[in-house]
Each structure stands twice: as structure tokens, then as C-alpha cells.
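Take the sequences, apply the hints, and build the full model.
2 protein chains.
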Amino acid sequence: MAKQLTLQSPLDMHLHLRDGDMLKLVTPLTAEGFAGAVIMPNLVPPVDNLDKLLEYKERILGACEGHKFDPFMTLFFRQYTEQELANAKDHMIGIKLYPAGATTNSEAGVKAIDAVEPVFKMMEEMEIPLLVHGETHGFVMDREKEFLASYDYLASKFPKLKITMEHITTADAVAMLDRHENLRATVTLQHLIITLDDVAGGLLNPHLFCKPIAKRPEDREALLQAALEAHPKLMFGSDSAPHPLEKKESCGCAAGVFTAPLAIARLAQLFDKHEKLDNLQAFLSGNAQTQYGVTPPKKLVTVTKEPFTVPEAYTGFQQHVVPMHAGEELEWRISQID
Amino acid sequence: MAKQLTLQSPLDMHLHLRDGDMLKLVTPLTAEGFAGAVIMPNLVPPVDNLDKLLEYKERILGACEGHKFDPFMTLFFRQYTEQELANAKDHMIGIKLYPAGATTNSEAGVKAIDAVEPVFKMMEEMEIPLLVHGETHGFVMDREKEFLASYDYLASKFPKLKITMEHITTADAVAMLDRHENLRATVTLQHLIITLDDVAGGLLNPHLFCKPIAKRPEDREALLQAALEAHPKLMFGSDSAPHPLEKKESCGCAAGVFTAPLAIARLAQLFDKHEKLDNLQAFLSGNAQTQYGVTPPKKLVTVTKEPFTVPEAYTGFQQHVVPMHAGEELEWRISQID
Chain V
1 MAKQLTLQSP LDMHLHLRDG DMLKLVTPLT AEGFAGAVIM PNLVPPVDNL DKLLEYKERI
61 LGACEGHKFD PFMTLFFRQY TEQELANAKD HMIGIKLYPA GATTNSEAGV KAIDAVEPVF
121 KMMEEMEIPL LVHGETHGFV MDREKEFLAS YDYLASKFPK LKITMEHITT ADAVAMLDRH
181 ENLRATVTLQ HLIITLDDVA GGLLNPHLFC KPIAKRPEDR EALLQAALEA HPKLMFGSDS
241 APHPLEKKES CGCAAGVFTA PLAIARLAQL FDKHEKLDNL QAFLSGNAQT QYGVTPPKKL
301 VTVTKEPFTV PEAYTGFQQH VVPMHAGEEL EWRISQID
Chain S
1 MAKQLTLQSP LDMHLHLRDG DMLKLVTPLT AEGFAGAVIM PNLVPPVDNL DKLLEYKERI
61 LGACEGHKFD PFMTLFFRQY TEQELANAKD HMIGIKLYPA GATTNSEAGV KAIDAVEPVF
121 KMMEEMEIPL LVHGETHGFV MDREKEFLAS YDYLASKFPK LKITMEHITT ADAVAMLDRH
181 ENLRATVTLQ HLIITLDDVA GGLLNPHLFC KPIAKRPEDR EALLQAALEA HPKLMFGSDS
241 APHPLEKKES CGCAAGVFTA PLAIARLAQL FDKHEKLDNL QAFLSGNAQT QYGVTPPKKL
301 VTVTKEPFTV PEAYTGFQQH VVPMHAGEEL EWRISQID
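Heads up: the sequence lines are chains V and S, in that order. Position one of the first sequence corresponds to residue 1 (UniProt numbering), numbered consecutively onward. Position one of the second sequence corresponds to residue 1 (UniProt numbering), numbered consecutively onward.
Derived by calculation from the structure, the hints in this document are not laboratory data. Among the hints, erroneous ones may be present.
If several chains are the same, the list does not tell them apart, and a pair holds so long as it fits within one copy or across any two.
[To be verified] Below, in silico cross-link-like pairs of lysine-lysine (DSBU-like), each with a Cα-Cα straight-line distance of 35 Å or less:
no.: 1; residue 1: Lys24; residue 2: Lys247
no.: 2; residue 1: Lys247; residue 2: Lys211
no.: 3; residue 1: Lys157; residue 2: Lys89
no.: 4; residue 1: Lys273; residue 2: Lys211
no.: 5; residue 1: Lys160; residue 2: Lys3
no.: 6; residue 1: Lys24; residue 2: Lys157
no.: 7; residue 1: Lys305; residue 2: Lys89
no.: 8; residue 1: Lys273; residue 2: Lys121
no.: 9; residue 1: Lys273; residue 2: Lys89
no.: 10; residue 1: Lys305; residue 2: Lys160
no.: 11; residue 1: Lys160; residue 2: Lys273
Here you go:
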């Protein structure tokens with residue numbers, strides 16, 4: 001009898017669904033296996049007011065094809081007024097900050113953050129979480145590490161503000177989790193598995209190119225250990241980011257790895273390999289429920305240790321997206337969803 | 001009156017010319033501006049005996065389109081006999097070692113080298129230089145650094161063996177130059193200009209993907225300073241490596257940057273920017289003549305500070321190769337060749 005595990009309401013705490021035809025293609029691929037997901041607001045133009053947020057949520061729900069699925073919406077950070085925040089609060093899970101003003105210099109990064117501190121203050125008082133893409137504009141391998149001083153600053157200055165370090169990729173970021181009570185983090189599937197070697201160590205692999213870029217073996221190891229131990233402040237966030245094939249396999253490939261449809265099965269394989277299957281529930285849902293105080297719809301997802309070949313691509317609505325592990329055989333698969 | 005400099009017999013001390021149609025396309029692009037070049041032997045199958053070497057040299061000379069050009073031939077390292085070395089000695093400039101047996105562990109790297117020490121001994125006695133691709137099979141950013149212990153070992157154990165550290169990319173390798181009298185190095189154009197940021201810091205750029213991969217800003221700075229100062233043991237070696245377009249702009253891009261046709265003009269721009277034009281002659285030819293004791297054919301190459309747009313591609317013989325800086329305007333150009 002094949003090994004099995006039933007997961008309760010898996011959550012993806014960092015997800016890109018895009019819009020239009022791409023949204024129609026990829027939304028059901030997440031909504032089928034996940035009970036909910038934190039939806040990134042970086043559309044063009046960004047989701048930066050309540051109307052846009054509610055309309056975007058409608059489009060997502062309209063694309064769910066009947067699956068029970070809660071899109072946890074976010075706003076794109078800007079100088080919001082108190083009234084705007086009050087109106088939006090009940091419709092979102094947090095506000096996502098892309099520190100565009102930050103530079104290679106972490107002091108300057110903090111300074112850029114400094115200018116918008118009144119918004120952080122209001123968010124802290126209204127208990128609206130802050131989700132951060134924590135990278136400076138420095139050397140690609142140093143960007144996250146250089147940003148950590150900004151996390152230190154923010155977490156200290158706003159001790160009641162819940163701050164999520166999104167898609168962490170370094171051992172240094174893992175260590176931050178134990179430094180401030182109000183810091184937590186998401187980590188992707190790929191950063192538990194790959195290093196820069198997989199992107200650029202042999203042939204260049206555009207389908208594993210993402211931001212933040214995959215780092216060193218010791219970084220992957222620290223992330224993996226924290227995930228396997230289900231560190232209570234570490235949540236799964238796929239950062240699954242679909243791009244049309246022509247934007248991946250070309251000169252000037254866009255950053256992003258598409259993992260949504262295979263993430264649960266691949267995580268089961270990974271946790272099983274390290275004999276930590278018992279911790280997968282917390283990493284995939286429990287930690288997020290505790291950290292965010294959310295209660296997702298009930299969904300039972302059974303994974304079984306049976307081979308599953310990842311499709312070469314997911315197509316539809318004139319879209320063509322190549323997933324991680326395209327064409328490869330995984331050892332686990334989703335066998336039942338109730 | 002535009003700034004000018006006349007270079008005498010520029011040399012490219014590390015060059016890939018491939019074979020067949022590609023050789024026909026790229027050979028004249030080097031032979032026009034350079035007086036000579038060290039030709040890499042990594043064909044499929046490799047150039048690993050005198051007959052193959054002489055035949056390859058013929059094909060290169062046949063593709064020079066009348067340009068004065070000396071191909072300095074190399075053999076692909078293997079367990080050569082003393083007789084083979086004696087026969088080949090006068091027809092080549094050295095033997096190129098790709099340490100396929102080396103691993104992440106530099107001790108194991110030395111061990112792998114250990115097995116072929118009799119060949120090194122013969123080369124030392126016969127004054128045949130050893131050219132080394134110095135990378136382990138470790139993490140992509142560490143491969144060169146991990147290999148440095150092998151250089152240390154070889155240079156100490158065979159003090160009369162002239163060893164060239166090919167295409168160095170790190171500050172640590174630059175420091176090695178002053179540690180052993182018998183170590184010297186080549187450096188490419190791209191490693192004086194780019195870092196990993198240019199390959200994977202923004203969009204992924206396959207045309208700047210090469211091995212060894214471009215490293216950190218402080219590495220580039222150390223390489224650039226050594227080049228600008230015309231460190232007497234540092235020679236220009238383009239490692240210009242043409243790949244057909246379909247092998248660059250695709251999933252699984254091959255490593256190699258094609259710089260041959262623009263290297264001299266781009267180096268003039270670089271040395272001019274840093275007010276070191278006076279040192280370009282040594283870096284581009286003098287150091288190599290001293291290190292290898294070669295006398296290339298006389299060729300006067302005048303570069304002028306006038307704009308030059310790099311072609312989008314070089315095509316011919318059913319080949320299509322995209323150069324570095326494709327479509328960009330350089331500030332210097334080759335204005336005359338005598």
C-alpha cells in the first residue's frame with residue numbers, strides 16, 4: 001500500500017495570478033489543490049485601491065471553476081490615507097511593499113522607508129500586516145542580505161506591525177526569524193531545492209531563474225531545515241509566477257518559476273525524503289493560519305507516494321506556461337481532493 | 001582631431017575558433033585585427049595528437065582570407081608519451097588541461113592531477129607550457145577559488161613548468177600571480193566589464209553567460225586594476241566562444257561570449273576611460289610575447305575614438321552568431337590595419 005498523507009486546507013501565502021487570459025489559465029491550477037492563497041497586487045497598473053482590489057478578487061473567483069478557494073487579497077504599497085486603510089482593511093490580508101527607492105546601501109534603504117513611516121504607523125495601529133519584497137538594488141547575490149538591516153529597523157520601530165519577509169532565500173534571513181517577535185517569512189518550493197548552480201552552473205536554465213535569485217548551498221540548507229522542522233514563523237509561499245513561454249526562452253528572460261500545480265506533491269516528496277512528513281501540515285497551512293489568524297475553507301488534499309509526470313506545459317486561453325520539473329517524474333502525486 | 005592609438009601586433013591568448021562552417025565565419029573576424037591567437041583544442045573529438053593539430057592549423061590558415069595571422073596551436077591534455085611530446089613541441093605553444101577529474105574538493109582535485117604528474121614532469125623538462133581551465137566541480141561561484149590550491153600545488157611541485165591560469169575571474173586568482181614565479185594568467189574582455197549582475201541581476205542575459213561565470217564587483221575590480229596596470233603576468237585572452245544563435249537563446253543556453261570582432265576597440269574604450277591607454281600595448285601583446293617568447297607577425301592596428309556600432313550578428317556559411325554589445329554603439333573603433 002502506497003504511503004499517504006491527507007493535508008487539511010493547504011495555503012499558498014505568496015502567489016501571482018496575473019490577469020486576463022493568464023489568470024483564467026493559472027487560477028484553477030492553484031484553486032484545485034489549495035484552500036487559499038495570498039494574491040500579489042503587482043498587476044500593470046498595480047492593485048492600489050479598494051475598487052481595484054474588489055474587482056480583481058471578482059475576476060479571480062470567477063476563474064476558480066467551482067473549487068473552494070479563498071483569495072487573500074493585498075494592496076500594492078503607497079501613501080494611503082487613514083480612511084483608505086480603514087475602508088480596505090476587512091477586504092485584504094495585508095499590504096505588499098516593493099522597496100523601489102532602496103539602493104545598494106542599506107542605510108539609504110532605511111531612509112527610503114523612513115519617508116513612508118506614517119503609513120506603517122497607521123498599519124500597525126489598525127493591525128494590517130506588511131508584506132515585503134526585501135531586496136536592495138545591490139549585487140544580485142547580496143540584495144537580500146543587504147536588506148536585512150531594513151527589517152531590523154522596521155521590526156524594532158513598529159513592534160506591533162506584523163511583517164512578512166517574502167520569499168526568503170538566505171541563511172541570514174532564516175536567522176532573522178528568531179530576532180524579532182513580529183517578523184515571519186514565506187519561502188518558495190524552488191528555494192528549498194535549487195541553488196544558483198541549477199540556474200547557471202551548467203547550461204543556463206531560464207525556467208529556474210527567479211527573483212530573489214537562488215543562492216548558495218548553505219543558504220538552501222538553512223531554508224530547508226527551517227521548513228522541515230516547520231519553524232512556526234515560516235510559511236509556504238510559492239511565489240509561483242507564470243510567464244508566457246516566449247518571455248522565458250528568449251534573450252532577456254523574465255524572472256519567475258511556475259510551481260503552483262505541482263507544489264503540494266513536490267513538497268510531499270521533499271518532506272518524505274527527509275522523513276519529516278509529519279511537519280508538512282504546519283508548513284503548508286498551520287503556521288499561516290496562526291500567523292495571519294485566517295480560517296480557510298475546509299479542503300482535504302490527499303497525497304500518495306505514486307509516480308506523477310509533470311506536464312511539459314499548461315496551455316489554454318492562448319497561454320502556454322512551462323512549469324518547474326516540466327516532463328519530469330515526481331514520486332508523489334495528489335490522489336484525492338475533498 | 002580624434003584621439004588615436006596604434007597597437008603593434010595584438011594577440012589573443014585564448015580563443016575558440018570551432019571547426020567547419022563556424023570556423024570559416026569566425027576565423028577572419030579574429031585574423032583581421034589580431035596578429036596571432038592561442039587556439040583552444042576542445043573540438044569534438046579534441047585535438048589530441050600532432051596530426052589533428054596540423055590539420056586543424058591548416059583549416060584555420062585556409063580561413064584567414066589573406067590576413068597575416070599566426071595560430072598558436074595547443075593540444076588537449078592527455079597521457080602523452082615522451083616521443084609524442086617531442087614530435088609536437090615545435091608545432092604548438094602549450095597543452096590545455098581541462099581538469100575533468102577534479103571535484104568540489106580541492107584535495108581531490110590535486111589527487112586527480114597527481115595521476116598525470118609524469119606528463120607534467122616531461123612538459124617541464126621540455127619547456128612546454130601548461131594552460132589550465134582552473135575550476136573544480138563545486139558551487140558555481142566558488143569553482144575557481146577552490147581550484148587555486150591546485151595551482152599552488154602544481155606551481156610548487158614543477159617550478160620550471162610555465163602554467164597559465166586561463167580566463168581568471170576572481171580577486172583571489174589575481175593575487176596568485178605574485179605568489180609563484182611560474183604562474184601567469186589570461187583574462188577576457190567580459191570579465192573586465194561585467195559581474196553576475198549583468199548575467200542574472202535584471203533579466204537573464206544568455207549572451208553574457210560564460211564559464212567561468214562572471215563573479216562579484218570586487219572581483220571585476222581586481223581584474224580590471226591588474227589589466228589597466230598591465231600586470232606583466234596578465235595577458236589578454238578573449239575566450240571568444242561563438243555559439244549558433246539557437247544554442248544561446250533557448251532553454252539550456254550554452255556558455256560562451258563572442259567578443260573577437262570588437263575586443264580591441266572595446267579594450268581601447270575601457271583603457272581610455274581609465275586613462276591607461278599607454279598600458280594597452282603591454283596587455284594586448286607585450287606581456288604575451290614576454291611570457292611565451294613568441295614573435296608574432298608585424299601588424300599595426302590603429303584605434304580611433306570614433307563611434308562604432310557593433311553588428312546585431314555576424315552571419316555567413318549558414319552560421320549566425322550574436323556578439324557581445326550587439327547593436328550597441330562603442331566609443332572607439334579600429335580605423336586602420338597595416
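Cross-check of the supplied hints:
Within a single copy, Lys24 and Lys247 get their C-alpha atoms as close as 18 Å, and across copies as close as 33 Å, so both meet the 35 Å cut-off. Taking the shortest Cα distances, Lys247 and Lys211 sit within 35 Å of each other both inside one copy (15 Å) and across copies (24 Å). For the homomeric pair Lys157 and Lys89, the shortest alpha-carbon distance inside one copy (22 Å) is at most 35 Å, but the shortest distance between copies (71 Å) is not. Both within a single protomer and between protomers do Lys273 and Lys211 lie at most 35 Å apart by alpha-carbon distance, with minima of 27 Å and 33 Å respectively.
Taking the shortest Cα distances, Lys160 and Lys3 never come within 35 Å of each other, neither inside one copy (43 Å) nor across copies (63 Å). For a Cα distance limit of 35 Å, the shortest separation of Lys24 from Lys157 qualifies neither inside one copy, at 41 Å, nor across copies, at 65 Å. In this homomeric assembly, Lys305 and Lys89 never come within 35 Å of each other (Cα to Cα): the closest approach is 41 Å inside a single copy and 60 Å across copies. When the C-alpha separation of Lys273 and Lys121 is checked against a cutoff of 35 Å, the pair qualifies neither within a copy, at 44 Å, nor between copies, at 48 Å.
Taking the closest pair of Cα atoms, Lys273 and Lys89 never come within 35 Å of each other, the shortest separation being 41 Å inside a single copy and 54 Å across copies. In this assembly of identical chains, the alpha carbons of Lys305 and Lys160 never lie at most 35 Å apart, being 42 Å within a copy and 60 Å across copies at closest. For a Cα distance limit of 35 Å, the shortest separation of Lys160 from Lys273 qualifies neither inside one copy, at 38 Å, nor across copies, at 52 Å.
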